[in-house]
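Spelled out, the chains give:
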Amino acid sequence: MQTLKRDLVIIGGGPAGLSAAVSARENGCDDVLLLERDRILGGILNQCIHDGFGLHRFGEALTGPEYAQRYIDEYEKLKGDVLLETIVLNMDEQRNLLVSSRHGFTKIEAGAVILAMGCRERTAGAISLPGTRPAGIYTAGAAQNFINLQNIMVGKRVVIMGSGDIGLIMARRMTLEGARVEGVFEILPYASGLPRNIQQCLNDYDIPLHLSTSVVDIHGKERLTGVTVACMDETLKPIPGTERHVPCDTLLLSVGLIPENELSRAARIAMEPRTSGPQVDDTLMTSIPGVFSCGNVLHVHDLADWVSEEAALAGRSAVSYLEKNIAPPEKKIPISAGNGVRYVLPQTVSGLMDFTLSLRVASPSRNRVITVMDGGREVARKKIVRLHPAEMIHIKIKEEKISEADKLEVSVA
Amino acid sequence: MTNFYDVIIIGAGVVGNAIARELSRFDIKAAVIERELDVGGGTSSRNSGVVHSGIHYKPGTLRAKLNVQGNAMMGNLCKELKVKIEYLGKLTVAQDETDVETLHSLKAQGDANGVPGLAILNKQQMEKLQPGIGGIMALHSPSTGIICPYGLTIALAENACANGVHFYLGQEVTAISRTEKGFEVKTTSGERFESRVLINSAGLYSDAICRMLGIDEYRIYPCRGEYLILDKRLAGTLSLLVYPAPHKGGAGLGIHLTNTVDGNILIGPSNEYVDEADDYACTAEILSLLKKEGHDLLPGISAADFIRNFSGLRAKQAPPSEGGFRDFVIESRKDIPGFINLVGIESPGLTSAPAIGLMVRDMVEKLLPLPFKASFIAEREGRAGFFYELSPEERADLVAENPDYGEVVCRCEQITRKEVLDAIQNPLGVKTINGIKYRSRAMMGRCQGGFCLPRIVQILEKEFGYKPEDYLLQHAHSPLFAGRVR
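Line order of the protein sequences matches chains A and B.
Going by the numbering used here, the letters in the first sequence line up with residues 1 to 413, in that order.
Going by the numbering used here, the letters in the second sequence line up with residues 1 to 486, in that order.
Keep in mind that a hint or two might mislead.
Pairs of lysine to aspartate or glutamate residues, derived as EDC-like cross-links and limited to a Cα-Cα distance of at most 20 Å, are as follows [unchecked claim]:
#1 B/418 - A/85
#2 A/221 - B/469
#3 B/467 - A/85
#4 A/107 - B/393
#5 A/79 - B/393
#6 A/221 - B/393
#7 A/396 - B/393
Heads up, incomplete: computed chain B residues facing chain A, CB under 7 Å, no partners named [unchecked claim]:
#8 273
#9 403
#10 486
Simulated from the structure, these hints should not be mistaken for laboratory data.
In this text, a Cβ means the ideal position worked out from N, Cα and C, and glycines have one as well.
Take the sequences, apply the hints, and build the full model.
Shown next as structure tokens:
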């Protein structure tokens, strides 16, 4: 088996990996290797043919493939190295990777690693959906792959379970391709996708969104013939008597995304239960020195633009690490999620640099203030008119505000 | 057109295929007719995958005899057929004094049945085998094992097929009539078959086959068991099988945790009589009950560890009012010479299958001469287990030989393109997506095909010329797709 030594290895060539790779080259790393298991770079962006990407990064509305191409072109211009159709099978605590491709098995000893594997969709099995298992049940992303990349129609009469962004996008996509979308059924009292997608994908096409309603049974022995939906009480249990049958031949699931951290777990990286991603510091370094994490493998993002921004920081940090500019910091200031906050990233900061806090709130509300407190001292605050769990919130915090801090807590007040 | 055979077997479950494989040693013409598009689509692929020891059955019954005999045969059979099996052993655990009595009577029964190595263990001895285990006393049965049930069913069929048995899949038997020489069988395909010997191993439909020949004395009551499959993250939690002591009148062996040979854990099965022999639904009530059991039995478990649910049906002869078990019916009918009838082969049918194969062979031998066939090949090609289970060095060598081993199609289970291609080009010619899944293990991981199904569809289109309408999930009317995007 061949063994290679590389300075920086980036696992995953989607929006996170591409941006991290470009950033690492721009910041002067000569030896960057980007590993991608697919035949082309871009990851999930390749099947996202709708627009709306790049509004923050480039100030224009691009499609997914166009957005990816900007980074691919940039990385090519910077003469970065890529291995396609290459999958990482394992990684250990010393940053040794076992890699497989049609050319063979290879061991790579990496000076630094950036984890950018993205996320996967929650399945019917993962939510223990009752009923039969006929053909016609897909995750929204798999259906998007079939329609947009393989020119295959998955069905004609569609129910969408869950109101995640991919489900909303697919409601519109299926409608445009001539399918009848019976509705989107969301178990929570509010949508989990972005408000702009509710407007542009559902309201503009008269597709009903049923809140506090979910699919409780599946019918059909061969192909799906229908589902039973029911209204939910506050504890998310079906309310007896509210069941109704919705005939359909297709059920698309958009019930959540799960960071794809099998490699991180194999390497025994410390994980954060709230995000299902690694715990990181303000450089996005994980519990293993020299291993960084960014994008949807770190926490599920709402916009690709924020993935790119976060990944650029991971790229810069990895270069600094390789140049020995960042040793693991002596001081680690923990940051915790307080009242009304679902999660906050990073989990610790050094107090030695400016950083951006990423967080999501636990429930929708209006006209609130997000506060960052160091004990009784207010470090930062941000007024927000409309707060929604679907939208990530970012707060920039200056080094001088936290250099003396003991521990930080982020709350909705 | 009529197809003439010496022996026709109805039903390609593990029992039918074990009989077919046994008969393929002899120089006769044999065929298997199956209503589903693949073998093992019923009870054989939907169970705990346990090779039972034989402690649970009354001495002198067919279930006791065939279970113990089948258990002893299974190791060698799996070696020949390249099927994974592990004799892990099992603890049947007592919680109170009533249970302890049950353990003692189970041990006496097991000893009488010839089950090897049974021992009653105290708490300390139990702890040694399974640290942290509850209960006050246990019966240890070292010969209990685990096996991949559909893997065995497929392997038996493929080996029988390689030895000349014809498989007719996707043909449901619609009528049987007696002829001068034996039987005429009609199927939904319009084809007609004639045979001298006819074997009914139709499982959940065995009573329906009986009725086609005017036998009205049997009725099958499908009894559903639901299961949850747990993530491989929990593999290694259990070093052997742990069952509760059985309680009187139960139709199954109680909800328990079972390791699978592929590293998952199953929670189940429940027990519920249903009306239809193909009602494989799961119910919210039982799934939440199983989850509760899971949390009780495995404290480290989280919501994300439940990756899939499924249900199977027991082909029970005992009606709901009676409960419990009845013995297997395996008979060569005197009133209908040439008709060998198997009814009510529920648990331990999987374990007993090899022994049933021998028993039915003896019955056939009384009806037909069975000359040995010199060309019989007992060994199935390939290796037991999957590519990912080999060492990195072995895998590296295989990739160098065949680059298709280097391309991972199913990332969760690390199943390669070579394994997927092998599954697509299976010897029985099965073309369903579930056929590929059961053979390759692709789509069985935590993403349940979200990542690899689109890739497998692409392979089928590019390499095998599939059109959107050609993709079937499992059944004849289970199309995956509605056509091309307009």
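Hints and how they fare:
Simply put, residue 418 of chain B and residue 85 of chain A have alpha-carbon atoms about 15 Å apart, close enough for the 20 Å limit, and the pair holds. The suggested pairing of residue 221 of chain A with residue 469 of chain B holds, with an alpha-carbon distance near 18 Å, which does not exceed 20 Å. Between residue 467 of chain B and residue 85 of chain A the CA atoms are separated by roughly 25 Å; this puts the pair beyond 20 Å, and the hint is violated. Distance restraint check for residue 107 of chain A and residue 393 of chain B: the Cα-Cα separation of roughly 11 Å lies within the 20 Å cut-off, and the hinted pair is therefore satisfied.
For the given pair, residue 79 of chain A sits about 33 Å from residue 393 of chain B by alpha-carbon distance, which is inconsistent with the 20 Å threshold. Restraint check: the Cα-Cα separation between residue 221 of chain A and residue 393 of chain B comes to about 44 Å, which exceeds 20 Å; the hinted pair is violated. For the proposed pair residue 396 of chain A and residue 393 of chain B, the alpha carbon gap of about 49 Å is over 20 Å, so the pair is violated. Using the Cβ-Cβ criterion of 7 Å, the hint placing residue 273 of chain B at the interface with chain A is not satisfied: the shortest such distance is roughly 18 Å.
Hint status for residue 403 of chain B: holds, given a least beta-carbon distance of 4 Å to chain A, under 7 Å. For residue 486 of chain B, the suggested interface contact is upheld, since its CB lies about 6 Å from the closest CB of chain A, less than 7 Å.
The structure does not agree with the numbered hints 3, 5, 6, 7, 8 stated previously, though it agrees with the rest.
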